[in-house]
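From just these sequences and the hints, can you work out the full model?
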Amino acid sequence: MAIKLEVKNLYKIFGEHPQRAFKYIEKGLSKEQILEKTGLSLGVKDASLAIEEGEIFVIMGLSGSGKSTMVRLLNRLIEPTRGQVLIDGVDIAKISDAELREVRRKKIAMVFQSFALMPHMTVLDNTAFGMELAGIAAQERREKALDALRQVGLENYAHAYPDELSGGMRQRVGLARALAINPDILLMDEAFSALDPLIRTEMQDELVKLQAKHQRTIVFISHDLDEAMRIGDRIAIMQNGEVVQVGTPDEILNNPANDYVRTFFRGVDISQVFSAKDIARRSPVGLIRKTPGFGPRSALKLLQDEDREYGYVIERGNKFVGVVSIDSLKAALSQAQGIEAALIDDPLVVDAQTPLSELLSHVGQAPCAVPVVDEEHQYVGIISKRMLLQALDREGVTMADQTNPWDTAQVADTTAQTADAWGTPAGVATDGGSTDWLNSAPAPAPEHFSLLDPFHKTLIPLDSWVTEGIDWVVTHFRPLFQGIRVPVDYILNGFQQLLLGMPAPVAIILFALIAWQVSGVGMGIAALISLIAIGAIGAWSQAMITLALVLTALLFCVVIGLPMGIWLARSPRAAKIVRPLLDAMQTTPAFVYLVPIVMLFGIGNVPGVVVTIIFALPPIIRLTILGINQVPADLIEASRSFGASPRQMLFKVQLPLAMPTIMAGVNQTLMLALSMVVIASMIAVGGLGQMVLRGIGRLDMGLATVGGVGIVILAIILDRLTQAVGRDSRSRGNRRWYTTGPVGLITRPFVK
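Throughout the sequence shown, residue numbering follows the numbering used here, covering 1 to 752 in sequence.
In case anyone wonders, no lab produced these hints; they're calculated from the structure. The beta-carbon is built from N, C-alpha and C at its ideal position, and this holds for glycine as well.
Think about it this way: if two alpha-carbon atoms lie no more than 20 Å apart in a straight line, the pair counts; the simulated PhoX-like pairs of lysine-lysine are: (1) 37 x 27; (2) 37 x 23; (3) 8 x 94; (4) 144 x 213.
The following label-pair restraints were derived from C-beta to C-beta distances: (5) 367 x 278: 20 to 30 Å; (6) 251 x 341: 42 to 52 Å; (7) 504 x 102: 57 to 67 Å; (8) 459 x 585: 18 to 28 Å; (9) 19 x 471: 45 to 55 Å; (10) 62 x 727: 43 to 53 Å.
Have a look at this one:
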């Protein structure tokens, strides 16, 4: 057969500057010694494999042997340090990222141990995921996805979600997702190891059936020896990153390359590994070929000459006919009948694929050697009691000198040096100064530094530095900051004109409808009552000004914070630099912002929005980073394995999964913006905060209460709405937004 996938002298070394390890590899140092000397981990060492088209090739090894690293080198989920990975003769280690994505989308697919299904997608969408990344039209990918689900028996679960399925069903979806793109090569990384034994056996049978139909090249990673020998055409054994033996199950079992392989195969259950076809013997002795001139008399003479009690009748094309005996042939002759009359009724016949474990009772009770036939009922051979016992009588070999190659020496060598951070100051003798205190200015007393009172004088004039810095910024950059006012002023005026220009009844009804659409009819009614209450207590106009201020600040926070959060999530180095700034923005008291903002922007609503943006921005940045970083690594890996570009990864995987966390950040930003309305009123910002501030200044409890109640009502409404937006589609009943709420009432007649 042609070679489909080939690995030549492949290395993977983990750590910085991996080339340092090669000089130690050439000296013959072990994996542990290289790690001790360089801090580099040797994942795969000088591996070479040639995998034939259409075979199931199993890679085995203990934990840490390098098998999972190896399979990820085959599709470059892990970049090789040195060596070649050839698919159809093309070295994928040397192709561009764009070419690699095409290879992943069309030629090679992967099934993962953890299933790696997208929790926000249905079974159908998960199955079509690879085709969606490849840009296949929606209808075509739907049809192909349904066909793949039929292959694994899950077409009835197309609209379910992964968490509604059992472990075995989820793994079938993972397999269907890989099959849907019709790959030439299928990589399976311990795909069945997380399943219960019974389900695992079913999945192994399913894989063998699918392979019989489509003959793909499959690379299967496993640590289960019985599994490997059950499904594998050939097996590669890995130890400490090296491939130590490659061969068929029988070759490795009978001729292990070293003690590691011998120990690995010790205790293997032969009855589960081999099937009837593996031990069936085809001998001409006792074999009767049914031809027109060959009757019971000829068959009887053949058996008597060969000293056999039973014979096995086959006809043209090697088709099995049945079993005869000396007695049945004599009976047929006595009645002058043909050889058909001599056939024994219901003889025991076994299928070639039957495991030896299932033959024990049958062969033991059979009066003769049991015939074996294939799926087309062609004669394969016979199995006798003696043959079966010989096959099962294989002794395990124990290692005389067994060592654990995974023990590593840990050396801790720490030293601590301490030093006196203060030192001992020397005393200074000085004169007391002039005694003519009427005619001369008093001489300043000499400064003495005392360890007991080291901070009686300011050592670092931070206040002067900050003042001078702000003065310099105002002098040189005031036009820039005045330019920043323009978009803020424009957006703020737009919101104010919209909110104050609408008649209050219209605005109340509109807001109630929006609340109904976003969060349900209950929230719509609550918003209606709450907004009427704001108007009834005389705070409507001020509430609309506050809402305009908060919405403007929120808009700028989202526009600035969301892209920045995405960037920082993708750049850990930049995140490390920006994190202290975010800490300072969140922990600095809000009042501290007011002075520089007034100096740079003046007073009024626009500076109030700017100070609110600064105060409320960090949560949306932090929670965007958190949401993206919390996307499970196996989902990222699965997306890459199907050829996702960075943009597709962001918009189809990371942002949808991070959206609840991001919306929590939006919610926190909104609440912080509302908490600033009273503080911002100190720089002449209008709205409900101004009412509270005036009430405090005049000791007018009523006025302060009206403003406070208005702020609380707005906070509750906005909080519930942002929480509702953050819910996924499943919590909303998997319904499209245009089929619910007031919009749904309008579109329902037109939407099926």
